[in-house]
Each structure stands twice: as structure tokens, then as C-alpha cells.
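Based on the provided sequences and hints, a complete structural model is requested.
Using our numbering, read the sequence shown as starting at 21 and increasing by one per residue.
Hints were generated in silico from the structure; no laboratory data involved. Predicted model only: the values in this text are computed from it and were never measured. Take these hints with a grain of salt, some might be off.
[What the hints assert, rightly or not] Dumping the calculated SDA-like pairs for lysine to any residue here, alpha-carbon to alpha-carbon at most 20 Å: (1) K44 <-> G55; (2) K44 <-> P56; (3) K142 <-> Y131; (4) K44 <-> P27; (5) K44 <-> Y131; (6) K44 <-> N107; (7) K44 <-> L82; (8) K44 <-> G76; (9) K44 <-> R32; (10) K44 <-> P62; (11) K44 <-> V66.
[Said to hold, decoys possible] Here are the simulated distance ranges between beta carbons: (12) E51 <-> S150: 51 to 59 Å; (13) G124 <-> V66: 17 to 25 Å; (14) Q115 <-> S71: 24 to 32 Å; (15) I70 <-> A30: 40 to 48 Å; (16) Y159 <-> S126: 46 to 54 Å; (17) A166 <-> V123: 46 to 54 Å; (18) Y159 <-> N74: 49 to 57 Å; (19) V146 <-> S126: 48 to 56 Å; (20) L96 <-> G117: 15 to 23 Å; (21) N107 <-> L24: 17 to 25 Å; (22) V73 <-> P27: 25 to 33 Å; (23) I100 <-> A30: 36 to 44 Å; (24) E77 <-> P56: 16 to 24 Å.
Where is the CB? At the ideal position from N, CA and C, for every residue including glycine.
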Amino acid sequence: MIWLGEPDDANRILPPALILNATKDMAVMREEIFGPLLPILPYDRVEDAISQVNDGERPLALYWFGEDARVRDQVLANTISGGVTVNDVILHLAQDGLPFGGVGASGYGHYHGEHGFRALSKEKTVFIQSRFGAGGLLYPPYGALARRMLAILQKFA
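What follows is the structure in C-alpha cells.
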């Protein structure tokens with residue numbers, strides 16, 4: 021582990037840390053991280069990285085760094101996560117116009133703005149048919165127009 025500062029137990033300060041060569045069996049890889057820890061998992065091919073993401077629980081966030089749009093699109097198309105930030109971290113959370121939420125064990129639904137309102141509300145559908153709906157042909161009492169339409173249709177029967 022590489023600390024990017026000095027831990028201070030007395031003041032409960034935990035500086036950011038890189039966990040190099042992390043493995044799937046480490047607790048930091050099995051439990052949700054609420055701290056400034058960044059596990060680094062090595063891979064040789066992008067397909068290996070995609071497999072590592074897909075072999076575990078769906079992540080709340082996926083962070084992709086790079087300049088190759090083809091590889092970025094390959095990762096985005098072949099993984100599932102709550103949200104994605106490209107070439108940065110956490111900032112997808114701060115976009116009020118975009119939905120925020122998880123998938124599977126990382127949560128469900130989307131929150132923020134209209135997305136949150138819809139996710140946390142139960143909309144009721146109400147449809148009231150106009151008394152002139154379908155020209156008065158669908159429901160009794162049937163009038164002269166309905167009789168004329170039936171007469172026309174009977175000519176073709």
C-alpha cells in the first residue's frame with residue numbers, strides 16, 4: 021500500500037492510499053469502500069479488465085481513464101454499473117441533470133432532479149374519455165351516425 025500522506029489516528033485522518041496488485045480475495049475488494057482507498061488490479065488486455073468488472077457484484081461507479089475512444093466504448097458497452105465517470109472520479113454524482121443510483125447490490129433506482137422525483141413517487145395514470153370519444157360510435161346509446169356507419173359497413177359484408 022502506498023499512502024499519499026501520513027495517517028493520523030489521533031485526529032482520525034486517513035489519507036488517500038493506493039493498494040497495488042490488489043486481488044479479488046482482499047476485504048477491500050469484497051466490501052464497499054467508504055474511504056480514500058484505490059485498489060489497483062493489474063490486467064494485460066482490456067477484455068481481462070472487463071471480465072474482472074463483470075465477475076463481481078455490479079459496481080455503484082465505474083471510472084475509466086484513457087484517450088482511446090474505441091477502448092472506452094468497448095468498456096462501457098460490455099460492463100454494467102450504476103454510473104460512469106470518464107477521466108475523473110466521483111463527478112457523475114455531482115451532475116444534477118443526470119440520474120444517480122446503483123444496480124443490484126449497489127442499490128436500485130435513480131435519484132437527482134426529475135429522476136429522483138419519479139423514482140420516489142408513484143404516478144397514477146388517469147384517463148377520462150371525452151363524451152365525444154371515437155365520434156360517439158363506441159358506446160351506447162347509439163345514434164343516427166352509428167346506424168349510418170353500420171349500413172355502410174353492411175354493404176361491404
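Comparing the hints with the structure gives:
Under the criterion of a C-alpha separation no larger than 20 Å, the hint pairing K44 with G55 is consistent with the structure, at around 18 Å. With a CA separation close to 18 Å, the supplied pair K44 and P56 stays within the 20 Å bound. Under the criterion of a C-alpha separation no larger than 20 Å, the hint pairing K142 with Y131 is consistent with the structure, at around 14 Å. Between K44 and P27 the alpha-carbon distance is near 25 Å, which puts this suggested pair outside the 20 Å criterion.
The straight-line distance between the Cα atoms of K44 and Y131 is roughly 30 Å, outside the 20 Å bound, and the hint therefore fails. With a C-alpha separation of about 24 Å, the suggested pairing of K44 with N107 is violated against the 20 Å cut-off. At roughly 16 Å between alpha-carbon atoms, K44 and L82 fall within 20 Å of each other, so this suggested pair holds. As the CA atoms of K44 and G76 are separated by approximately 9 Å, the hinted pair is consistent with the 20 Å bound.
For the suggested pair K44 and R32, the alpha carbons sit about 27 Å apart, so the restraint of at most 20 Å is broken. With a C-alpha separation of about 11 Å, the suggested pairing of K44 with P62 holds against the 20 Å cut-off. With a C-alpha separation of about 17 Å, the suggested pair K44 and V66 falls inside the 20 Å cut-off, and the hint holds. Take E51 and S150: their Cβ atoms lie about 58 Å apart, and the range 51 to 59 Å holds.
Distance hint check for G124 and V66: the Cβ-Cβ separation is about 23 Å, which falls inside the suggested range of 17 to 25 Å. Look at Q115 against S71: about 29 Å separates their beta carbons, and that is inside 24 to 32 Å. Take I70 and A30: their Cβ atoms lie about 43 Å apart, and the range 40 to 48 Å holds. The hinted window of 46 to 54 Å between Y159 and S126 holds, with their beta carbons roughly 50 Å apart.
Checked against the hint of 46 to 54 Å, the pair A166 and V123 passes, with Cβ atoms roughly 53 Å apart. About 54 Å separates the C-beta atoms of Y159 and N74, a value consistent with the hinted range of 49 to 57 Å. A C-beta distance of roughly 35 Å is found between V146 and S126, which places it outside the suggested range of 48 to 56 Å. L96 and G117 have their C-beta atoms about 19 Å apart, which keeps the hinted 15 to 23 Å range intact.
Distance hint for N107 and L24: a CB-CB separation of about 19 Å, consistent with the stated range 17 to 25 Å. A hinted range of 25 to 33 Å holds for the C-beta pair V73 and P27, which are about 29 Å apart. Restraint check, I100 to A30: a C-beta distance of roughly 42 Å satisfies the suggested window 36 to 44 Å. E77 and P56 have their C-beta atoms about 21 Å apart, which keeps the hinted 16 to 24 Å range intact.
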